[in-house]
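First to last, the sequence lines map onto chains C and S. First residue of the first sequence? That's 1 in our numbering, and the numbers climb one at a time after it. First residue of the second sequence? That's 1 in our numbering, and the numbers climb one at a time after it.
Read the hints as simulated data drawn from the structure, not as lab findings. Warning: the hint list may mix true and false statements.
Which copy is meant is left open, because identical chains are indistinguishable; a pair holds if it fits in one copy or across any two.
[Stated by the list, open to error] When the alpha-carbon atoms are kept at most 27 angstroms apart in a straight line, the in silico BS3-like pairs for lysine-lysine are as follows: (1) 20 to 48; (2) 48 to 151; (3) 100 to 48; (4) 48 to 15; (5) 100 to 151; (6) 15 to 100; (7) 100 to 20.
2 protein chains.
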Amino acid sequence: MAVTSGERVRRAAVKLFAAKGFHGTGIRDLAQEAQLSSASLYHYMGTKEDLLAGIMRDSLGRLLTGAERAVAGVTDPAERMGRLVALHVITHARRPEETKVVDDEVRVLSSGARRAVVELRDAYERLWGETIEAGLRAGAFHTPRPEVTRKALLEMCGGVARWYSARGALSLDELAGHYAVLALRALGAREPLAAPDLDVCRAVVASVWGPA
Amino acid sequence: MAVTSGERVRRAAVKLFAAKGFHGTGIRDLAQEAQLSSASLYHYMGTKEDLLAGIMRDSLGRLLTGAERAVAGVTDPAERMGRLVALHVITHARRPEETKVVDDEVRVLSSGARRAVVELRDAYERLWGETIEAGLRAGAFHTPRPEVTRKALLEMCGGVARWYSARGALSLDELAGHYAVLALRALGAREPLAAPDLDVCRAVVASVWGPA
């Protein structure tokens, strides 16, 4: 598939910001990696901070859209939660560099750009929080301090970006299914636990992020 | 308490490496932060890589020593696991910058220095793995793919470094107790779950890392 110059710049930035940090990455590095002149690079990215903010909004926006689609129309809290976990795990395992940039560089942004990013993240985490609350109300989940449990599970699931390798023996489906069970157990859901509908999650990932 | 020049250099390095990355931190930044001349700085740190490797070995070495002390003589797998979780959570919540440096900068090290760091990390994770295996053998835990569960729990627990604030409403003891329950549930331990002995964990933290 043909890759646009804008997309080449974006990919170069994710790769370099992840490897060397935002402050460690120069305009010349970006131009070289994207195979553009420094002058034409500015046409595609604005400032380096614009580029970073765009990557973060794009990444968190996709995650939010994907999560909303994955749970649309699902009322059972365990199935909703399982799908949220599966989506989070699959996308973070597939995009470790993007995860690193989004997690590490928020404080680099000026307050205006940061606000937009933080709002997207809050909306995404709210979806998790509401699903946990619904499960508690329905008696399907049992956990004190649900907001701490939510943070713990988000860290657990996002952490796959730091160790999962597609070259290993574990498929993304197996990984996602395993994590869904761990999360539901931690939430005090009753066994036996059904695996979430991974076909739906896979289709959402393909529709929001494109093919693997 | 008086702080030695060597310790000042170490603290300056943890702070700057966490904020700006290893490659983004210059010798002059380090000297300024540690309030030493660049020339005398070399006396305390050798090369910048020596300094980083020393920080990592020290951090992982303390974690391993602390974990070994916390579970010494404990045979019940749930109590062992709860103490490992509590120790990991307390130390990572207390030292977020050190966590970031140890997690992010391993690939900066040359192969010799890296080997020593990786061996310490492997030994530490082996302690978790052996405890999980012992729980499975005793019928106290039930999880498929125990090595994946171990990684998931380590990421969950270490993740507190990215969000916990001592200024919030949650004490370190409450945090550690909550995470112990989440981890034991994820491992399929039977309810009701006893909290691990946090007095022991607190004493180990004080003996290995010093007062808070």
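Comparing the hints with the structure gives:
In the homo-oligomer, the alpha carbons of residue 20 and residue 48 lie at most 27 angstroms apart both inside one protomer (14 angstroms) and across protomers (16 angstroms), since each shortest distance falls under that limit. Taking the shortest Cα distances, residue 48 and residue 151 never come within 27 angstroms of each other, neither inside one copy (30 angstroms) nor across copies (35 angstroms). Proximity of residue 100 to residue 48 under the C-alpha cut-off of 27 angstroms is found in both arrangements, the shortest distances being 17 angstroms within a copy and 24 angstroms between copies. For the identical chains of this complex, residue 48 and residue 15 are neighbours both inside a copy (14 angstroms) and across copies (25 angstroms), given an alpha-carbon limit of 27 angstroms.
Within a single copy, residue 100 and residue 151 get their C-alpha atoms as close as 17 angstroms, and across copies as close as 18 angstroms, so both meet the 27 angstroms cut-off. Proximity of residue 15 to residue 100 under the C-alpha cut-off of 27 angstroms is found in both arrangements, the shortest distances being 10 angstroms within a copy and 19 angstroms between copies. Taking the shortest Cα distances, residue 100 and residue 20 sit within 27 angstroms of each other both inside one copy (11 angstroms) and across copies (14 angstroms).
Hint compliance for this structure: hint 2 alone is broken.
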